[in-house]
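Asker: For this one, chain A is given, so just place chain B on it according to the hints.
Chains A and B supply the protein sequences, listed in that same order.
For the first sequence, my numbering begins at 3 and goes up steadily by one.
For the second sequence, my numbering begins at 5 and goes up steadily by one.
Calculated from the structure, these hints are not laboratory results.
This structure is a prediction, so every number in the text was calculated from the model and none was measured.
Note that CB positions come from ideal geometry on N, CA and C, so glycine has one too.
There's no promise every hint is true.
What the hints assert, rightly or not - Partial list, derived from the structure: chain A residues whose beta carbon lies under 10 Å from chain B:
id	residue
1	L61
2	G127
3	F137
4	G138
5	M140
6	S147
7	W256
8	G260
9	E261
10	V264
11	L304
12	I305
13	V310
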Amino acid sequence: MIREGYINAIVLFGFLLIPICALIIEEPYTITLATRAAVLALAAVGLNIALGIGGLVSLGHAVFFGLGGYAMGILAFHAQNYIPVELGPLTINGTKSMPIIWLTAVLVSAFAALIIGLLSLRTTGVYFIMITLAFGQMFFFFSISWSAYGGEDGLSIYVRNVFPGVNTLVPIQFFGLCFTALCVALFVQSRLRASIFGLVLNSARQTPVRAETVGLNPMRLKLLAFVISGAITGLAGALFADLNRFVSPTMFSWQLSGELIVLIIIGGVGRLAGPVIGSALFVTLEHFLGEFTDFWHIWLGLILLLIVLFARGGIIGILTGKDGPHV
Amino acid sequence: MSAILVIEQILNGLQFGIMLFLMAAGLTLIFGVMGLINLAHGSLYMVGAFAAASVAGATGSFLLALVAAFTVAAFAGAIVEIVVIRRLYRAAHLDQVLATFALILIFSEGTRWVFGSFPLFLDVPSYLSGPVTLPGGIEYPLYRLTLIGVGLLVALGLWWLTARTRIGIQIRAGENDREMIAALGVDISKLYTLVFALGAALAGLAGALVGAIQSVQVGMGEPVLILAFVVIVIGGIGSIKGALIGAILVGLTDTLGGIFLPEFLKLFMESGAATQTGSALASMAVYILMSVVLIWRPTGLFGARP
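The following block holds chain A by itself, in its conformation from the complex (with noise of 0.2 Å):
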């Protein structure tokens, strides 16, 4: 059985590996796939943190997902047409610039799982799953009524935002920046999980009457792990808009919500490396097996069903020979 430290090391360096092998055998297309794997693992970090951590099964993180994604598209269209952004008697902008881009996008999503994190944790179990899940179709929703920004189809930008000493138009270096998002994400949870906050909600999780017996008020934790994964989602969302340089309801789909957590049980639930492995192995069959069918979630659902009847630790799981965290 290997160690989880080892596994760790091992999936980011092969992480790494294969867009530089593609950028030198000249394969582009391999070097966006690895950039999408990369968004979509930071956006399972994130989930991750509430998930794994928290133990809160959230079913609708793609609202944060959506909210990052138009915290983008509503800047960037703003500035490629060259009108500013009207807020009452504020007006604003539009930008390029992906710093204050990614900035927006956590804080609107931040703000956003502090208002749904205050009204879902007020109930737990599968009221919180369903509850969850309906804030997340109310954004979807929204976002298709609201055609000032494109409804239902959505809002395109042409050339991809810009950020300081990066060329973000090659697509290694972009991948550099995603990359870069995701090991800060990874640092930031792995220091969480070891500090007080994270044993405090680790305890909430595993014996939520005990925790509070000796004192511990877990809902403020909880709310404030709420957030935090809320805006690391959010910052995902950003990226992932400036991958497609796209936007459009689908961000908010309640499926990309499912998909989240699916990337993360696939790979390990509460592990670190759990969404990176459940992103890459995600990426990989959708191109594969999308190629040779054109019914390729069949098999994903089979996967899936497997993996939860069989092997609850996901890869992570198997690997290392440990269950991990239950939620």
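Answerer: Positioned in the frame of chain A, the structure of chain B alone reads:
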């Protein structure tokens, strides 16, 4: 805005709510008895609609189509319960969500594989098509009126089943204490399969009934499923009475909000902006309703107090 339009819209909302009730009743029954959250319930709705459309296409009989929808969905439900769901009763909610999400993928893509991506059509039979004149001179489609009637009959039947029959006693006992009724000699795994198949059959029936006014296509089940979740969150999980009242509330809010919110906003906004804001708000209305209910009563209107 005339009174006739208002009454028509209320009837539309009622019809929508009653169809949601057929979905929500199955979901809430399955959750109440087995403690299972079933995302694949929408797939069974779709299975029912497809079964009905194929049988109606082959035989031309709408009644046969409904019977087919009911039976095929019940069988599909029973098979799914025996093969997969049975292993999930003791599992965590996360596992239930994932396994039933996997089932959605398998059902949806499987249906697309068999029937293709193009929607099928299920026609309203001639004896139910056309409008009827209600007291007060309101013309209303007979089919939609029939849907309201059928839904109310099903609600009555469900009440009779749970309150007045032996099976119903076992179901209610199972909700309260499953170990005890197993110890008293009730075959609990058979009971579970039965409840699941019953829920599936109701979903299939709803799919077929709604399939005649909308198109029958892959993915038709999920939007309804999520609204049905909203319904049982509002009504309280496990309560059939809550499901009925929640469903009618959601149906009315959704339908009336879409019509009246833009009109209401036009009173103090310019017309274009009012339509825009109104329709955006209306699409969120049921979720806002849900949030309000939750702030007021975290376990729903008729849910068990913790």
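Asker: Each hint needs a verdict: does it hold in this structure or not?
Answerer: Hints, one by one, checked against the model:
| no. | hint | verdict |
| --- | --- | --- |
| 1 | L61 | holds (6 Å) |
| 2 | G127 | holds (6 Å) |
| 3 | F137 | holds (7 Å) |
| 4 | G138 | holds (8 Å) |
| 5 | M140 | holds (4 Å) |
| 6 | S147 | holds (5 Å) |
| 7 | W256 | holds (6 Å) |
| 8 | G260 | holds (5 Å) |
| 9 | E261 | holds (9 Å) |
| 10 | V264 | holds (7 Å) |
| 11 | L304 | holds (7 Å) |
| 12 | I305 | holds (8 Å) |
| 13 | V310 | holds (5 Å) |
In this structure, none of the earlier numbered hints is contradicted; all agree with it.
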